[in-house]
Structure formats: C-alpha cells, structure tokens
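> Sequence:
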Amino acid sequence: MAETFLFDIAERVLAKIVHFSVDEVRLAFNVKIDLKKLEDTMISIKAVLLDAKRRQHQNEKLRLCMWKLRDIFYDAEDVVDDFKLKLSANRTPSIIPTSTT
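In terms of numbering that gives the first Met the number 0, the sequence shown has 77 at position 78, counting the first letter as 1, and numbering is strictly consecutive.
Don't read these hints as lab results, they were simulated from the structure.
Be aware that one or more of the hints could be misleading.
[Stated by the list, open to error] Derived DMTMM-like pairs (lysine to aspartate or glutamate); straight-line CA-CA distance at most 25 Å: (1) 67 <-> 80; (2) 15 <-> 39; (3) 36 <-> 59.
This one's a predicted model, so the numbers in the text were calculated from it and none came from an experiment.
Produce the complete structure using the sequences and hints provided.
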C-alpha cells in the first residue's frame, strides 16, 4: 500500500515540476537549471521506487523506509505548490491602489 502512495506522490510532484519547466519560460536561467536537475532526480527516484515496490514484501526495513519517503514527497509537493502560488501572486496585479504620496 505504501508503494502505491509513494509512486502516486512522486508522479504528482514530477508532473508539477515538468509543468514549471515547460510553462515558466520567463523564470531565471538558474531556476530552470535547478528545476531540470530536480526533474531528473525525480525520474531516478521513481525508478528506484518501482524496484522497491517489487522487493518491499521481502524486506521490512525497505517497507519502513518507503513510508518515510512518503512524508518527504508530501513535503516536496507542498514546496512546489507554495512556489506556484507565490509565482502566480507575483503575476497578478494588485487590486488595492497604491498611494503616490
């Protein structure tokens, strides 16, 4: 059961990262590089998770490690969501007029 959650969370985080790297052309160059590195890392992690999914029933320590990874992926998803929210907030013009005096 944990492996399904982990894989689903990893898939969601990866999808969000891909969305950023494709749609956010105006991001600074270094951020794009970091996002690409993160995307590559997530792809590698997904491959490891698929292998761990096959092996977890034989190894209790591996199963417990996968449960810990689940929390890490939830945290990563929260960070990506926060970044997306802040990015969209910076693009939305303020509806409150600012004083020039």
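> Confirm or reject each hint.
Taking the hints in turn, this is what the structure says about them:
{"no.": "1", "hint": "67 <-> 80", "verdict": "holds, 20 Å"}
{"no.": "2", "hint": "15 <-> 39", "verdict": "holds, 13 Å"}
{"no.": "3", "hint": "36 <-> 59", "verdict": "violated, 31 Å"}
Comparing the model with each earlier hint shows a violation of hint 3 alone; every other hint is respected.
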